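Colleague: If you're matching them up, the sequences are chains A and B in order.
The first sequence maps to residues 1 to 413 in the working numbering.
The second sequence maps to residues 1 to 413 in the working numbering.
None of these hints come from the bench; they were simulated from the model.
Everything numeric in this text was worked out from a predicted model, so none of it was measured.
Take the hints with a grain of salt, since some may be wrong.
To be verified - Reference excerpt, derived from the structure (chain B facing chain A, CB under 7 Å, subset only):
| id | residue |
| --- | --- |
| 1 | His106 |
| 2 | Val195 |
| 3 | Leu198 |
| 4 | Asn246 |
| 5 | Gln250 |
| 6 | Cys359 |
| 7 | Asn361 |
| 8 | Val405 |
From the three backbone atoms N, C-alpha and C, an ideal C-beta is built for every residue, glycine too.
2 protein chains.
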Amino acid sequence: MTQTTECALRAKEAARVLAAASAGCKNRALTKAAEAIETDADAILAANDTDMRAAESAGTDKAMLDRLYLDAARIKALADGMREVAAMPDPIGQVIEEWDRPNGLHIRKVRVPIGVIGMIYEARPGVTADSAALTVKSGNAVLLRGSAGAYASNAAIVRSIRGALVREGLPASCVELTPDRSHDSVEEMMRLTGVIDLLIPRGGAGLIDRVVSGSRVPVIQTGVGNCHVYVDDSARPDMVHRLVLNSKLQRPSVCNAAETLLISRGYPHTAELLKTLHEAGVALHGDAAVCALDGQALPACERDYAEEYLSADLCVAMVDGLQGAIDHIARYGTGHTELIITEDGERAAAFARSVDAACVNHNASTRFTDGGQFGFGAEIGIATQKIHARGPLGLRELTIYKYLVSGNGQVRE
Amino acid sequence: MTQTTECALRAKEAARVLAAASAGCKNRALTKAAEAIETDADAILAANDTDMRAAESAGTDKAMLDRLYLDAARIKALADGMREVAAMPDPIGQVIEEWDRPNGLHIRKVRVPIGVIGMIYEARPGVTADSAALTVKSGNAVLLRGSAGAYASNAAIVRSIRGALVREGLPASCVELTPDRSHDSVEEMMRLTGVIDLLIPRGGAGLIDRVVSGSRVPVIQTGVGNCHVYVDDSARPDMVHRLVLNSKLQRPSVCNAAETLLISRGYPHTAELLKTLHEAGVALHGDAAVCALDGQALPACERDYAEEYLSADLCVAMVDGLQGAIDHIARYGTGHTELIITEDGERAAAFARSVDAACVNHNASTRFTDGGQFGFGAEIGIATQKIHARGPLGLRELTIYKYLVSGNGQVRE
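Using the sequences and the hints, build the whole thing.
Modeller: Following this line, the structure appears as structure tokens:
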């Protein structure tokens, strides 16, 4: 049996114990895990140093190095994140609904953990602590498969967390990190039906595509966000400038940043908007109508409409009003976040009805699609598929339910 | 482009229209579809006759022929089923939850259709009408791929339904039946990511395994039920006999029938129970302890513990009380329905907490795991996986949600 399968089977055993753990026990374990991460900071930083040196000598680029890097402040942030999750209400055991049937049966729909969650992720060691906190709190065991280049950091963080779990009487195997750093472990996790109940890939489009198309285990697709901002005829120019700049530039490298700006032909302040964007350092890729209006814009090709730039680039197209925007988004959207800026409530409602995405915003930045901003406390990713859960995945989205049917001897006629 | 892909793309277009259709429009269309199925009964029966003749000359077995067969009464039942779905409340547009954020954002979580649902199913033409009714009512377009041997029947039913949809102003393509009767169409549906949003396989274990392990499109696993009945020390013998017989024999061929009986060593009426089962015509496959007690029982092997007999066979094992039952079910259960018979409320609660299944019953037949019995009106299958939905899949389980985020120009700092 391989190391990854062994880890998964241990996690499955641990999940049975964790599913029955009280909120108090889970919260104490997470609070102790936060303390342990701080107490063990030197060991974690030494492990991170090993990963950083290896990455530097492998010529890893600066952005990637920054994602890998840990210091005292980042470790404190990890620990604080775990404490925040500990302080949140426990979703497990909640009676979602209950009803009686005419034959006297009483049916309760009760929230329960999913079981074993497999996390396949890239770079940031912070994801290790976040994932452990969210899964343990929601009663799920987790099998972590971080990137090979962050293995020492991840292993050190997991060691601290497992120590705290054990001190609180929970199995260490609630949090497993596979020691197999080869690609085999990813392939293996995708085949462990009956052991892993759900896979969450978190990282670049390549990783997510590979897991979505290859996995036999159910997957929640996260991340890819070709988010659009549609500027309607009646939009207020000041609000348009503020929302477009925030949606594009507040943090361009993340999935909820805007990638395409759709402007209604009836909006009277387009030239001014394009000027503001240039001044803010946004590189515009315009359709023919935009390029005719703006000599600085680069001509957009079909690929630009589909592109998730994750940079200060922005595709800009003129559309035939609301319906034009809706049709464009139906064609190119990835179901993440779509924004309409308008003073017309009816058009906002029509946009909300017709656009199919996890989040449809009206006069609010696309950057709000985030577990923290939604009030979920934390998130394990942002889902863009159409089943189970959409948008920010918090504690509740890591649960499912079972039906408890109680009677006094009823049989079916 | 193949016929199946063309059907799927038409369904995707239709889904956009159907998602915005009012409850009244959908209900009228389904009511008219029910009428059309009755009006067109002769044509449907003639088509069914074609399928029946082909099946007979291919030497199809009697049970299968019965599943394929339609007559006037069965057609009326199909139409009545559609009327029942039409009469149910529309889940679409329901505000599941709404809240305000400190920055003034208002977030609404609104129930929406999933999009395009692919149904891959075997034999019964009744599934065609049920699936169309449930998907249309829940605002989803459906691509049907029934078994090749039921194609004429399915096509005739779909023709009637589509005519009614069009008369009510809905696109015919809300309900598509692929004309490709080869296995290629199944393989193709499993690869249509971005077009089909969810696949529901319904049929034998072979079909379900194939779809679950091969599909790139998200799948809801339905059907396989290795359901256990656990008889606790304190169970009342009369209730035990009634519940075990009903769970096993009321309809042995379906997934919510019991397949394994676990008896606590502390239950004092085992011999009497085994005798009752023999008298009722149940073929017992016992473990060593059962065979020692009962000369008629066949010795059970490992395979019997995992077997979904779907017949009057029953595996019987003695267990070390509640924990023995829980451990046995954790090992062999398929997450469908598990029943404890006990007069001890604390043990029933412990069983409910520890057993991981879609439905955990206390003193009520396993046969109640059914959309109609739950009060859902109808069902498209019974889910046994751990994400999205578990147990009977009714209208609400064919939906998802989107977040509508409204503000007055909020940006993220």
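Colleague: So which hints don't hold here, by number, going up?
Modeller: Going through the list in order, the structure violates hints 1, 2 and respects the others.
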